[in-house]
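Q: When you get a sec, could you build the whole thing from the sequences and use the hints?
Protein chains in written order, with full-length UniProt numbering: chain A, 1 to 554; chain B, 1 to 285.
The hints are simulated quantities; they were obtained by calculation from the structure and are not laboratory data. Since the structure is predicted, the reported quantities are computational estimates derived from the model, not experimental observations. A portion of the hints provided could be inaccurate.
Stated by the list, open to error - The calculated lysine to any residue pairs, modelled on SDA-like cross-linking and capped at a C-alpha distance of 25 Å, are:
no. : chain 1 : residue 1 : chain 2 : residue 2
1   : B       : K210      : A       : E536
2   : B       : K189      : A       : I535
3   : A       : K60       : B       : K210
To be verified - DEER-style ranges, computed between Cβ atoms:
no. : chain 1 : residue 1 : chain 2 : residue 2 : range
4   : B       : Q257      : A       : E292      : 48 to 58 Å
5   : A       : L284      : B       : G34       : 24 to 34 Å
6   : A       : K127      : B       : K210      : 41 to 51 Å
7   : B       : E197      : A       : E130      : 18 to 28 Å
8   : A       : K531      : B       : T165      : 49 to 59 Å
9   : A       : K249      : B       : E35       : 44 to 54 Å
10  : A       : V407      : B       : N209      : 56 to 66 Å
11  : B       : G34       : A       : S530      : 30 to 40 Å
12  : A       : E504      : B       : T165      : 18 to 28 Å
13  : B       : E35       : A       : D270      : 35 to 45 Å
14  : B       : K187      : A       : V467      : 30 to 40 Å
15  : B       : E20       : A       : D7        : 43 to 53 Å
Claimed, not checked - Far from chain B by the CB rule (all over 12 Å, computed), these chain A residues:
no. : residue
16  : E100
17  : D375
18  : D498
19  : H540
Note that beta-carbon positions come from the ideal geometry of N, C-alpha and C, so glycine has one too.
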Amino acid sequence: MAINHIDGEKLTQMLLEGAANLSSNSQKIDALNVFPVPDGDTGTNMNLTMSSGIKEVQEKNSSHAGSVGAHFAKGLLMGARGNSGVILSQLFRGFSKAVEKEEQLSVESLASALQNGVDTAYRAVMKPVEGTILTVAKDAAAKAQELQKEKDCIVFMEKVLEEAKASLDRTPDLLPVLKEVGVVDSGGQGLVTIYEGFLAVLKGEKITHNAGQAPSLEELVKFEHHQSAQSHMSTEDIEFGYCTEVMVKFDEEILRKNPYNEDEFRNKLDEYGDSLLVVSDEDLLKIHIHVEYPGTVINEAQQYGSLVNIKVENMREQHTSILSEEQNREPASESPSDYAVITVGLGSGVSELFKGLGVKKIIEGGQTMNPSTQDFIKAIEEVNAEKIILLPNNSNIVMAANQAADVAEVEVEVVPSKTLPQGMAAMLAFNEEHSLQENAEAMKEALQHVKTGEVTYAVRDTSINGVDIKKGDFMGISEKEIVSSGSSVSKAAKELIDALIDEESEILTIIYGEDRTEDEAHKLSDYIESKFEDIEVEIHAGHQPLYSYIISVE
Amino acid sequence: MSKVMIVTDSTADIPGELAEKLEIQVVPLKVHFGEEAYEDGVDLSPEEFYKKLNSESVMPSTSQPTPNQFEEVYQKLHKEHAPDIISIHLSSKLSGTFQSAYIAQQTLGESVSLEVIDSKRASYAIGVIVVEAAQMAQQGNPKEEIMARINKMLEDTNVFFMVDTLEYLQKNGRIGKASALVGSLLKIKPILSLNAEGEVYPFEKVRGNKKAVQRILAEFTKLYNAKPLHVGISHSEAEKEAREFMDTMREQFDIRQEVITNIGPVIGAHVGPGTLSIAVTPVER
Numbered sequence: 001m002a003i004n005h006i007d008g009e010k011l012t013q014m015l016l017e018g019a020a021n022l023s024s025n026s027q028k029i030d031a032l033n034v035f036p037v038p039d040g041d042t043g044t045n046m047n048l049t050m051s052s053g054i055k056e057v058q059e060k061n062s063s064h065a066g067s068v069g070a071h072f073a074k075g076l077l078m079g080a081r082g083n084s085g086v087i088l089s090q091l092f093r094g095f096s097k098a099v100e101k102e103e104q105l106s107v108e109s110l111a112s113a114l115q116n117g118v119d120t121a122y123r124a125v126m127k128p129v130e131g132t133i134l135t136v137a138k139d140a141a142a143k144a145q146e147l148q149k150e151k152d153c154i155v156f157m158e159k160v161l162e163e164a165k166a167s168l169d170r171t172p173d174l175l176p177v178l179k180e181v182g183v184v185d186s187g188g189q190g191l192v193t194i195y196e197g198f199l200a201v202l203k204g205e206k207i208t209h210n211a212g213q214a215p216s217l218e219e220l221v222k223f224e225h226h227q228s229a230q231s232h233m234s235t236e237d238i239e240f241g242y243c244t245e246v247m248v249k250f251d252e253e254i255l256r257k258n259p260y261n262e263d264e265f266r267n268k269l270d271e272y273g274d275s276l277l278v279v280s281d282e283d284l285l286k287i288h289i290h291v292e293y294p295g296t297v298i299n300e301a302q303q304y305g306s307l308v309n310i311k312v313e314n315m316r317e318q319h320t321s322i323l324s325e326e327q328n329r330e331p332a333s334e335s336p337s338d339y340a341v342i343t344v345g346l347g348s349g350v351s352e353l354f355k356g357l358g359v360k361k362i363i364e365g366g367q368t369m370n371p372s373t374q375d376f377i378k379a380i381e382e383v384n385a386e387k388i389i390l391l392p393n394n395s396n397i398v399m400a401a402n403q404a405a406d407v408a409e410v411e412v413e414v415v416p417s418k419t420l421p422q423g424m425a426a427m428l429a430f431n432e433e434h435s436l437q438e439n440a441e442a443m444k445e446a447l448q449h450v451k452t453g454e455v456t457y458a459v460r461d462t463s464i465n466g467v468d469i470k471k472g473d474f475m476g477i478s479e480k481e482i483v484s485s486g487s488s489v490s491k492a493a494k495e496l497i498d499a500l501i502d503e504e505s506e507i508l509t510i511i512y513g514e515d516r517t518e519d520e521a522h523k524l525s526d527y528i529e530s531k532f533e534d535i536e537v538e539i540h541a542g543h544q545p546l547y548s549y550i551i552s553v554e
Numbered sequence: 001m002s003k004v005m006i007v008t009d010s011t012a013d014i015p016g017e018l019a020e021k022l023e024i025q026v027v028p029l030k031v032h033f034g035e036e037a038y039e040d041g042v043d044l045s046p047e048e049f050y051k052k053l054n055s056e057s058v059m060p061s062t063s064q065p066t067p068n069q070f071e072e073v074y075q076k077l078h079k080e081h082a083p084d085i086i087s088i089h090l091s092s093k094l095s096g097t098f099q100s101a102y103i104a105q106q107t108l109g110e111s112v113s114l115e116v117i118d119s120k121r122a123s124y125a126i127g128v129i130v131v132e133a134a135q136m137a138q139q140g141n142p143k144e145e146i147m148a149r150i151n152k153m154l155e156d157t158n159v160f161f162m163v164d165t166l167e168y169l170q171k172n173g174r175i176g177k178a179s180a181l182v183g184s185l186l187k188i189k190p191i192l193s194l195n196a197e198g199e200v201y202p203f204e205k206v207r208g209n210k211k212a213v214q215r216i217l218a219e220f221t222k223l224y225n226a227k228p229l230h231v232g233i234s235h236s237e238a239e240k241e242a243r244e245f246m247d248t249m250r251e252q253f254d255i256r257q258e259v260i261t262n263i264g265p266v267i268g269a270h271v272g273p274g275t276l277s278i279a280v281t282p283v284e285r
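A: Below is the structure:
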C-alpha cells in the first residue's frame, strides 16, 4: 500500500524506529570510528544525541508533522554530542526548518527538507570533509531531488536509502584513512541505520533489535589494528609480532570439568599480549590477540573445546612489506619518512634499544669487528631513503662512515658517536621533522650530554698508565681511560660507576652483556641506589659480546 | 559604555575564583565514565576526577559542549549586557568545542556581536590568553583593541608539557605527531608542545626530569629573554613539581603575573596524572 502523506504520528514512529535501530547498532558504529579522532565513540555519541531528540518528541507528543520535526530538532540540538552528533543535529535542524509549517509531509516536502538539512550542515561545519556523514547525507538528498515526481513515500524512502548505502560504500574512496583501515565511515553508517528505521516504519516492518547487532569480531579487529597502527610507526616498534585469531567450538563435556568464564579468560590472555578481543556465545569462542607466542594462546583456547579455525599472521613481515610498498611509491621530496638512521652495534638487545629509538638499520660490528665503507654503502642502499644519518658508535669506525658519506649518491651526514651510549643520546635528539643539517647539528651536540663507561676484559697481560693488568682481568673504562681493574667484574664495575657519577648525573643505564645475568645487573643497581640517592637506574639486556657492561650516565 | 564579555571553556583550566573575579564565562565540557556523565569542573573536581581515574576500570571519554549550550550563554550575555562577546576555545584539532561555538555563532547570526576564536592551544595556554583579554576588558578597552592583543598573543604564547606516560594521549587518539615515541624501550621524557595547527608534537626527547626542566627553561630564554611574562603552570596531581618549576622560572624571568592551576578532568582524561604544562605569554604593560 502506498503512502502519500506522513502525519505527525507516523513521523514520530519513524524517528523512534530510526533511533532504536541506531541504538542497537551503536557498538558496531563505535568500532568503525577512525576519523577524525580514532576514539571509538561515534555510535555512542550519535545514539545519545538521537535519544535526546526522541525524548523531546515524546514529551511534546504532537500530531502535527512540522511540530514533531521542530521538537526533534530542538532535542537533538540540546543533546548533540561529538562531531557526528553535532552534524546529525544540524541535518535535522535544516530538515525541520523546511517543514515546520506542514501538518503532513509529502515526497516533495521530504525531498526539500533533506536538501535543506544538508545545506544547513555544510554551512555549520567549518571545514566539511568528504567521505563522512556529510557526503552520505548529501548524496541521499541529491537522489531525493530526482524523485520529486514520485508520489509514494515508501518508494521514495527506498531509493533514498539505497543511494545512502551506495554513498556509504564509496566513503573509503573519498577519505584515505577509511580505505587504509578497510572500513566505511562511522557517522555515515549511523545515518544509514536511521534511514533504515524510517523505511521500516513506512513499510510496516519491524527491525529486530537484538544482541545480533553487536559488532562482529572482524569489525572489532579492524578497529584494534587501526588503533595500534597509529602507534607503530616503524616495524621494530611492534612488541607483539603475531596477529592471532582462534575460533573454538565449546565442548560440553570439557566445560563441565573446566568451566569457562569470559572475564577470567580475558584477564588471563591479556597478560600475553595486546589488542585482545574475546567474543563468545553458547557454542563458539572467538579470540583475537597480538602476541609473541601464538602457541600459548591456542593452547589456552583449546582447553575449552575443539579448534575450528586458526589464523596467525606475522605482523612484522606485513608491516615491512607495507613500508616497502610505501617507499616504492613516488618519492615525496619533503615527506618525513624519507629519513633513515643507520648505526653499528653488536647484540640483539642493543639492536632492540636502537630500533625502539627509531634507527632503521643496525650494521653488526663494533670494537673487534669494524664495518667497512662498503658495509655502510650497502646499508645506505638497503634503507632506500633520501636523507641518511650514520652513527658509527666507535672511534675506529668513524672514518669508514665518513668515506661512505662521501661516495653515497644520497645526502648523508655522519654524527661521529664513539660509544653506544653516545649513539643513543644522539638518537634522542633526532627529529624527523627537521632538516638533515639541523639534525646533524643537534645530534652532535647531544653526544656531549652523556658519559660512557664500559667493563671489558684484557686479552693479554699489559700495563697501562702504570697499572698492571693481567690477561683475563676486568677493566672499567670511563670514556677512554681505564679507571678500575681486577679479577672481580663487580668490583671493576662499581669503581667505574663511582668514577662516572657526578653532581649533574640523573640517570644511569646499565646494558649488561651476554656473559652477565640480570641478577648481577640488579645487584649493581642496588649498589648504585644505596650509594647515590638521586640516581635513577635503568637496566637492559644488551646480549653484546666482549663488554660485560656498557653504562651510560646522563 | 558596556564592557566586552569574555567566554571560554572549561579546558582553559582557569581557577574558579579568578574566572569569577574577571567575569569570565566558562562553558563546561563533559567527562564520561561509561554511562556516568559529569560536567567538567562543575560536578566533578580535578581531585575527584583523578581519584576516579585510579579506581575506575573504564577509561574516561570526553565530549564537547553542545552548540545549544553556547547559544544560551551568548544569548544571556547579549540580553543582560548587550556587549561585544569574545569566545576563546580549545584547539579544534583536539576537540569539537570550537565547532560547537561556531555553530552557535552561525545560528545567532548578525544579531549578536560575537567573535569565536580557535586558540589552537589547551589548558592554561588558553588560560593566559583568556585572562589577559579579560583583564583588558575589565579596564574598559574596546573590542578592537582586545582582539588585536588576542591575535598577537595567539602568535606569542608558547606551551611545553611533560606527561608521565603517553598511554592516555594514545588511547584517546590525541597523540598527533608524538606517536613515534611510543615504542621506545629506553625511558624517555618527551617534552611535548602544540604546533601551529594546534596538534600535539614532540618538541624534544630527553631523559630525566632535571634535563627536561633545563631544556624548557633554555627554550623560554631563547623565546622571551628579558621580556615581562605571564606564566601559567597547570598540573595533574603534580603540585610540588609545579611549584618548583615556578620557583625556578621566577629566578630567571621577569614574571608579572603567575598562576598555578589544576589540569581539569577533560584535559586530564587525555594526558593522565603526573602531567606538568608550562604556558607563557609576554605581557604588554
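Q: Each of the hints needs a verdict: does it hold here or not?
A: Going through the hints against the structure:
1. B:K210 - A:E536: 12 Å, holds
2. B:K189 - A:I535: Holds - the C-alpha atoms of I535 of chain A and K189 of chain B are around 15 Å apart, at most 25 Å.
3. A:K60 - B:K210: 62 Å, violated
4. B:Q257 - A:E292: 48 to 58 Å: Holds: the Cβ-Cβ distance is about 53 Å, inside 48 to 58 Å.
5. A:L284 - B:G34: 24 to 34 Å: Holds, since L284 of chain A and G34 of chain B (Cβ atoms, about 27 Å apart) stay within the stated range.
6. A:K127 - B:K210: 41 to 51 Å: For K210 of chain B against K127 of chain A, whose Cβ atoms are near 42 Å apart, the range 41 to 51 Å holds.
7. B:E197 - A:E130: 18 to 28 Å: 20 Å, holds
8. A:K531 - B:T165: 49 to 59 Å: Violated, since K531 of chain A and T165 of chain B (Cβ atoms, about 29 Å apart) do not stay within the stated range.
9. A:K249 - B:E35: 44 to 54 Å: 34 Å, violated
10. A:V407 - B:N209: 56 to 66 Å: About 44 Å separates the Cβ atoms of V407 of chain A and N209 of chain B, which means 56 to 66 Å is violated.
11. B:G34 - A:S530: 30 to 40 Å: 45 Å, violated
12. A:E504 - B:T165: 18 to 28 Å: 26 Å, holds
13. B:E35 - A:D270: 35 to 45 Å: 23 Å, violated
14. B:K187 - A:V467: 30 to 40 Å: 35 Å, holds
15. B:E20 - A:D7: 43 to 53 Å: 51 Å, holds
16. E100: Non-interface label stands for E100 of chain A: nearest chain B Cβ at 15 Å, farther than 12 Å.
17. D375: 25 Å, holds
18. D498: At roughly 20 Å from the nearest Cβ of chain B, D498 of chain A sits farther out than 12 Å, so the non-interface label holds.
19. H540: Violated, because the least Cβ-Cβ distance between H540 of chain A and chain B comes to about 7 Å, which does not exceed 12 Å.
The structure does not agree with the numbered hints 3, 8, 9, 10, 11, 13 and 19 stated previously, though it agrees with the rest.
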